[in-house]
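> If you read the protein sequences in the order shown, they are chains H and X. 235 is the number that my numbering gives to position 235 of the first sequence; each next residue is one higher, with no gaps. Residues are numbered in my numbering as their position in the second sequence, beginning at 1, plus a constant of 1000.
Be aware that a few hints might be false.
Pairs of lysine to aspartate or glutamate residues, derived as DMTMM-like cross-links and limited to a Cα-Cα distance of at most 25 Å, are as follows [what the hints assert, rightly or not]:
no. : chain 1 : residue 1 : chain 2 : residue 2
1   : X       : Lys1031   : X       : Asp1321
2   : H       : Lys173    : X       : Asp1321
3   : H       : Lys41     : H       : Glu70
4   : X       : Lys1071   : X       : Glu1132
5   : H       : Lys74     : H       : Glu126
6   : X       : Lys1286   : X       : Asp1234
7   : H       : Lys180    : X       : Glu1188
8   : X       : Lys1135   : H       : Glu166
9   : H       : Lys243    : X       : Glu1022
10  : H       : Lys209    : H       : Asp106
11  : H       : Lys243    : H       : Glu13
12  : H       : Lys150    : H       : Asp276
13  : H       : Lys214    : X       : Asp1128
14  : X       : Lys1042   : X       : Asp1147
15  : H       : Lys238    : X       : Asp1128
16  : X       : Lys1173   : H       : Glu9
17  : X       : Lys1243   : H       : Glu126
18  : H       : Lys209    : X       : Asp1128
19  : X       : Lys1123   : H       : Asp234
20  : H       : Lys324    : H       : Glu34
21  : X       : Lys1238   : H       : Asp106
22  : X       : Lys1129   : H       : Glu166
23  : H       : Lys209    : X       : Glu1132
24  : X       : Lys1173   : H       : Asp106
25  : X       : Lys1243   : X       : Glu1013
26  : H       : Lys238    : X       : Asp1147
27  : X       : Lys1211   : H       : Asp128
28  : X       : Lys1214   : H       : Asp307
29  : X       : Lys1238   : H       : Glu132
30  : X       : Lys1209   : X       : Asp1276
31  : X       : Lys1099   : X       : Asp1369
32  : X       : Lys1209   : H       : Asp128
Please keep in mind that the hints were generated in silico from the structure rather than gathered at the bench. Small disclaimer: the values here were computed from a predicted structure and weren't measured.
2 protein chains.
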Amino acid sequence: MNQTITPWEVKGEIDYNKLIKEFGVSKIDKKLLERLEKIAKKKNMKLHHFLTREIFIAHRDLDFFLNEYEKGNKVFLYTGRGPSGEIHLGHAIPLMFTKYLQDLFDADLYFQFTDDEKFLFKKDLEMDKVSEYTKQNMLDVIAFGFDPKKTHFIIDTVHANLLYPEAIKVAKKITFSTVKAVFGFTNETNIGSIFFTSMQAVPAFLPCKLKNRKMACLIPHAIDQDPHFRVTRDILPKLGYYKPSSIQCRFLPGLQGIKNGKMSSSEGFSINMSDDPKTVKNKINKYAFSGGKATLEEHRKHGGNPDIDVSYQWLVFFEPDDKKLKKVYDDYRSGKLLSGELKAILIEKINQFLKEHQEKRKRAEKQLDSFVLRV
Amino acid sequence: MNQTITPWEVKGEIDYNKLIKEFGVSKIDKKLLERLEKIAKKKNMKLHHFLTREIFIAHRDLDFFLNEYEKGNKVFLYTGRGPSGEIHLGHAIPLMFTKYLQDLFDADLYFQFTDDEKFLFKKDLEMDKVSEYTKQNMLDVIAFGFDPKKTHFIIDTVHANLLYPEAIKVAKKITFSTVKAVFGFTNETNIGSIFFTSMQAVPAFLPCKLKNRKMACLIPHAIDQDPHFRVTRDILPKLGYYKPSSIQCRFLPGLQGIKNGKMSSSEGFSINMSDDPKTVKNKINKYAFSGGKATLEEHRKHGGNPDIDVSYQWLVFFEPDDKKLKKVYDDYRSGKLLSGELKAILIEKINQFLKEHQEKRKRAEKQLDSFVLRV
Chain H
1 MNQTITPWEV KGEIDYNKLI KEFGVSKIDK KLLERLEKIA KKKNMKLHHF
51 LTREIFIAHR DLDFFLNEYE KGNKVFLYTG RGPSGEIHLG HAIPLMFTKY
101 LQDLFDADLY FQFTDDEKFL FKKDLEMDKV SEYTKQNMLD VIAFGFDPKK
151 THFIIDTVHA NLLYPEAIKV AKKITFSTVK AVFGFTNETN IGSIFFTSMQ
201 AVPAFLPCKL KNRKMACLIP HAIDQDPHFR VTRDILPKLG YYKPSSIQCR
251 FLPGLQGIKN GKMSSSEGFS INMSDDPKTV KNKINKYAFS GGKATLEEHR
301 KHGGNPDIDV SYQWLVFFEP DDKKLKKVYD DYRSGKLLSG ELKAILIEKI
351 NQFLKEHQEK RKRAEKQLDS FVLRV
Chain X
1001 MNQTITPWEV KGEIDYNKLI KEFGVSKIDK KLLERLEKIA KKKNMKLHHF
1051 LTREIFIAHR DLDFFLNEYE KGNKVFLYTG RGPSGEIHLG HAIPLMFTKY
1101 LQDLFDADLY FQFTDDEKFL FKKDLEMDKV SEYTKQNMLD VIAFGFDPKK
1151 THFIIDTVHA NLLYPEAIKV AKKITFSTVK AVFGFTNETN IGSIFFTSMQ
1201 AVPAFLPCKL KNRKMACLIP HAIDQDPHFR VTRDILPKLG YYKPSSIQCR
1251 FLPGLQGIKN GKMSSSEGFS INMSDDPKTV KNKINKYAFS GGKATLEEHR
1301 KHGGNPDIDV SYQWLVFFEP DDKKLKKVYD DYRSGKLLSG ELKAILIEKI
1351 NQFLKEHQEK RKRAEKQLDS FVLRV
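I would like the entire structure built from these sequences, with the hints used as guidance.
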């Protein structure tokens, strides 16, 4: 197996168990799920299907975060987005879950837009373009339903007055050797990219600095971002803050199959949050890797394989109803449900999801100002 | 000979001719002095003795800057200070000359306080302390008489909103290989220090960015800062700006002798701008390396050696009157002037200089706000 996972590249079929071991993160176990379910029940909420279906699969120190929360101590959430293009369905996963966590813990969320990162790491990307993506991405994020009173957007180049003075405190404690080992940098890496992880560390303690109190932080993120926070976790106690906790998800598989790593817009096979129903239908019908048999007769006789069928795998992410999902699984397995029919179910599900999103996004523009962190 | 010259370390006896060759800068020649003198005459000013005495000894593209000035195109000056302690007499040299250049060219001056640099490069220095030095240093800088309407202080951590978005544009074009070669960094250098030169580059083009026009920039600085601007000069044309020009001075020798590199406060033998007359007298009498003979008789008979006498060398910096200086030289050479008498001349000169400075500094506090760049 050949897997490459860095914050800037995800390639090959991903063995999550191997990755969890390599990164040194912990699987979310039954005990943690029970604790989360208990908290959810108190809020009349359910355990999110991203948790029961091992989509959010790993964590660091989630227990510590829950301890702090249960003691009644103030906690906060931190996540972010590198604005290098349109938001697509793959990005939606951690965003949906972050919204869930905000409701669950009734917590402030600091949301970082790393425009500097995208500019520095993408050779031909100009800053004007990144700034346009940032604005567009902010509207999409708002559309996920975050609480405007409790959600604070931080844009690296816009909030540099806040971030840079703290980032240098982090940077002073990180050598080139460290980032070389953690991120695979070389002597030809540019010095902005080398510095960047310090900027990504800051929101994990900035609220503590602003409010002058120690607070536990939980970072929901896709597992490829773990290297950043591994470094951050090493440094923060040296600056007098708690190590941030994290909860990490696996990737929405690419349309062309689970062997092709995560869904990536650069490959051209992503479904964007702005796609219209016809585009979605065409993309899924044309590209979604099928677990069905070659002929109708064979399919009816032997059934399809939902484990490799991208449409089914996407329903695992986007169909919250366990019963409905099980029925699709069983029917596809038995051959009762054809590949085209399975795709149709997915198409309807995704289009409904996108329709709601696009409506909310239209109303986001006038909310934008209230989301940007003011200090 | 063993010389180490980086922006953070100057050690050993300095051979300026060798350094000029190594750095690839040009000596200021007669033709340039004549051009400068012509400009000075138009302003009823004289050629500064720092120029005639080869204290400002080297430059990069000074001709280009003068061409632009003579064409009537808008030009500006940029210099800076790393606030890691009190300002001493060594720091006064480029400051005095920058004030002269501001008068000569009637130009805006952008003055950068690199508080981030000092924090990042000095292992045990905390940010609170750097911020205190920054404030104190600003008052000293103001006391040199800069025009409040044309002088703009930039403090790296305070003006990060302005600097960081531009610094990453510089940083994207500099690899670790480059800073490794230019500054002698290693894998154990912290990633903030690695990034820093990008921040020092920004004021060389920020005014062009703010005013949306190309302008020639002249950077007066001590020669140890040349490596930064060598990198800056490589990058700026790629961002659509002129290469900045520079004019570079040698160091005020340390009290203990010209073989000991530049005067350094960390060695404990510096004279600070805040020193009182008695302290100055004691330091010079106690530490200033003498070119005199061992006994009075020998001195009267053979004369002293002004070329190695620190008191005489300091007068080269601080006694603008050529005739007075020549008389001291001749009298000391002949044995007419004793070492103690020479020291007394220097002590009076320095104390007069510091007295005026300290008076101006008292008035600086209420001017501070008007010096800080507002955008």
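> Tell me the numbers of any earlier hints that the structure contravenes, in ascending order.
Hints 2, 4, 5, 6, 9, 11, 12, 21, 24, 25, 26, 28, 30 contradicted; others consistent.
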